[in-house]
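Asker: Given the sequences, and given the hints that come with them, work out the whole structure.
Chains A and B, in that order, are what the protein sequence lines are. Counted from 1, the first sequence has number 71 at position 71 by my numbering; the numbering is strictly sequential. Counted from 1, the second sequence has number 186 at position 186 by my numbering; the numbering is strictly sequential.
FYI, nobody ran anything at the bench for these hints, they're computed from the structure. Careful, some of the hints might be misleading.
What the hints assert, rightly or not - Quick partial rundown of chain B residues pointing at chain A, CB under 7 angstroms, derived from the structure: (1) 60; (2) 116; (3) 118; (4) 319; (5) 324; (6) 335; (7) 343.
As the list claims (entries may be wrong) - Covered stretches of chain B (chain A as the covering partner; in silico rule of three or more C-beta atoms under 8 angstroms from a C-beta of chain A): (8) 36-48; (9) 89-98; (10) 129-137.
Beta carbons are placed, not taken as given, at the ideal position from N, Cα and C, and that holds for glycine.
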Amino acid sequence: MTGRNLPPLSLHIPEPDFRPGDEVDYSDFEMPVAGAVARPATETAPAAIRDMSYVMIRVLDDEGRAQGMWDPRLAPETLLKMLRSMALTRAFDDRLYRAQRQGKTSFYMKCTGEEATSVAAAHALAYDDMCFPSYRQQGLLIARDWPIVDMINQIYSNRADRLKGRQLPIMYSAREANFFSISGNLTTQYPQAVGWAMASASRGDTRIAAAWCGEGSTAEGDFHSAMTFAAVYRAPVILNVINNQWAISSFSGFAGAEATTFAARAIGYGIAGLRVDGNDALAVYAATQWAADRARNNHGPTLIEHFTYRAEGHSTSDDPTKYRSADEGVKWPLGDPIARLKKHVIGLGIWDEERHAAMDKELAEMVRAAQKEAEKNGILADGLKQSFDSMFEDVFEVMPDHLRDQQKQMLEERRAAGI
Amino acid sequence: MSIATESAGETRTMNMIQAINSALDVAMGRDDATVVLGEDVGFFGGVFKATEGLQKKYGKTRVFDTPISENGIIGVAVGMATYGLRPIPEIQFADYIYPGLDQLVSEAARLRYRSAGEFTAPITVRTPFGGGIFGGQTHSQSPEALFAHVSGLKTVIPSNPYDAKGLLIAAIEDNDPVIFFEPKRIYNGPFDGHYDRPVSPWSRFAESAVPDGYYTVPLGKAKLVREGDDVTILAYGTMVHVARGVIDETGIDAELIDLRTLVPLDVETIVASVRKTGRCVVVHEATRTGGFGAELSALVQEHCFHSLEAPVERVTGWDTPYPHSLEWAYFPGPVRLTEALKRVMQD
Ligand SMILES: Cc1ncc(C[n+]2csc(CCOP(=O)(O)OP(=O)(O)O)c2C)c(N)n1
Ligand SMILES: [Mg+2]
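Answerer: Laid out in structure tokens, this is it:
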């Protein structure tokens with residue numbers, strides 16, 4: 001029997017570098033140089049750019065200057081619009097998080113520190129490209145100028161909620177904004193995005209699809225099914241992995257990050273993989289643009305890993321001080337995406353501190369006003385805001401008899417209870 | 001494994017989470033083949049804190065976090081079990097068990113049968129289920145009927161801390177795969193369905209007196225919660241408390257049976273009760289069509305036809321996904337149950 005003279009086997013269990021109370025030391029983090037990575041032609045075969053999965057595309061340097069071939073050379077309006085959308089996303093998160101704390105609704109999730117990964121991506125896509133988000137891509141809707149009052153109505157499950165109070169807060173759906181209904185079940189949107197892209201290709205359309213999931217979610221089988229189908233059919237799809245280092249209390253090592261990068265998942269499937277600094281809006285824009293060009297020209301799918309940090313708790317149900325060091329976020333070497341883009345536009349001479357402060361004030365006021373507007377339609381805490389009838393609608397297109405009977409029974413029940 | 005003649009130890013007041021934690025602790029202390037795995041169960045101790053402190057006590061190779069893959073969690077649990085371990089995987093919410101369905105239904109449940117006993121999968125899948133916490137459709141479902149329908153899988157649902165601990169230890173020791181549904185609405189205190197009233201903590205109830213040490217509550221044995229003459233109420237999980245509340249409020253002399261285990265089912269206790277009362281109401285939070293209530297209703301009809309004085313009624317959730325804001329119109333609360341009892345008691 002082999003192995004007899006070997007030491008006994010041992011099971012490896014990943015462990016993060018830092019836990020609560022630990023002082024965080026990122027000195028062995030090698031900061032990739034902005035502008036150092038070459039930009040391959042968009043038609044390059046995946047096998048020729050495998051190294052792209054192990055480097056990191058960065059455009060903004062420490063001084064906020066745009067460097068290298070990946071600089072998307074955006075017009076000032078676009079840069080300022082991205083900055084504004086990111087700032088609005090943050091202001092929105094802050095206010096709605098507080099609304100949950102005030103008991104106005106049941107749940108909220110912030111995307112603080114990750115705003116660039118959806119806002120900059122949305123700007124690089126066409127408006128009619130179809131987005132299949134996870135629950136942390138509110139920045140897509142905001143970048144697409146979706147009315148924030150509509151989002152708040154959903155968060156409050158109030159009378160004006162387009163989803164009729166059926167979904168957990170922030171599980172938006174906005175077909176007109178080409179934003180797919182968010183599922184609470186992780187990564188289900190991934191194969192769906194691939195399927196949408198396959199349909200678009202089979203119909204000779206020009207639209208592409210994009211999906212987002214967290215790094216933790218890449219462990220789900222759906223991620224791998226999506227990758228296989230995307231590769232086999234060369235689907236015109238962009239598969240984004242938001243590597244914010246944490247999945248609730250589990251660090252990225254539990255999704256495989258000790259051994260390789262998430263971008264490198266692409267290699268085994270024969271898909272193009274890019275790894276970008278997710279806190280660098282210009283890098284996110286440039287990578288998305290590259291992948292979109294590629295998809296639109298029939299060169300197939302791209303997997304993009306956005307390297308970022310979840311600056312806040314997982315959700316309002318979470319307390320991150322229980323499992324990670326608070327110092328981690330403070331010292332995160334890739335900085336804050338809003339501060340970095342702000343520095344860039346100030347450096348370009350198209351923005352300044354005064355205007356930024358004024359914008360922040362204006363956006364906070366705008367969110368406050370939208371919240372007030374939404375509250376006219378009620379808040380979850382006020383009680384049942386939807387018509388009881390609506391509960392039985394949309395289970396099927398046409399309500400079958402058994403549901404009609406149950407609906408009747410429910411209404412009788414309400415009467416019996418005097419409600 | 002040392003089957004000690006140890007006593008159940010001193011009795012302490014526990015809520016359901018503490019009782020489940022204590023069950024895991026006792027099981028892990030007695031048998032070093034037990035392992036706990038699942039999303040966030042290690043350092044953090046689980047999103048509901050059911051595994052708190054266990055990693056520290058038993059080490060990282062016996063209590064560990066997993067990748068977010070329910071399919072993987074159940075699949076590796078089956079593999080570990082076939083090696084000879086006794087895995088206790090946690091699925092964070094029952095709503096997220098579906099990616100693991102194939103491993104549970106096609107593999108764990110059938111391994112003994114298809115290998116004629118050569119391989120077995122003594123795993124206990126713990127998972128919080130049920131609504132009433134404003135969790136929306138992906139934190140509220142009650143999918144127990146799907147699992148009860150699978151041959152080779154035992155389905156257990158406790159309704160209080162004492163039973164939770166005893167049943168969980170029994171499930172872990174059982175040599176067949178068990179799915180153990182934890183009614184999360186009553187983790188901290190029983191819930192009578194009156195969502196507008198404050199919930200009393202478990203400490204005010206007798207079932208929170210839980211022995212520190214080892215004991216079991218056998219699988220397949222229902223519990224007679226209350227004796228009564230006029231009607232039998234069959235319930236499990238959270239609905240046991242809703243039923244108890246309705247009995248207290250209405251004064252109906254109902255016999256209340258907490259099933260505790262759906263598979264194997266304690267048919268004897270059910271039949272004896274319905275033969276006595278002549279009436280039966282079946283209660284569950286899950287959707288109605290094809291729900292476990294249908295099975296119960298059929299069994300009662302088969303065994304008690306000649307004793308029945310009224311049709312068996314089912315009180316259930318509606319056949320819709322679990323809505324967020326209309327949660328309380330969906331939940332089979334006191335009004336729905338009272339109405340059903342009135343109908344059954346009419347003639
Ligand atoms: C199928 C499924 N399993 C488990 C969960 C519970 N859950 C919700 S979010 C989450 C962590 C996801 O982490 P990640 O993918 O990294 O995304 P992030 O929250 O960091 O954006 C888990 C385990 C779920 N929603 N769906
Ligand atoms: Mg994450």
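Asker: Could you tell me which of the hints above the structure violates, numbers in ascending order?
Answerer: 2, 3, 7
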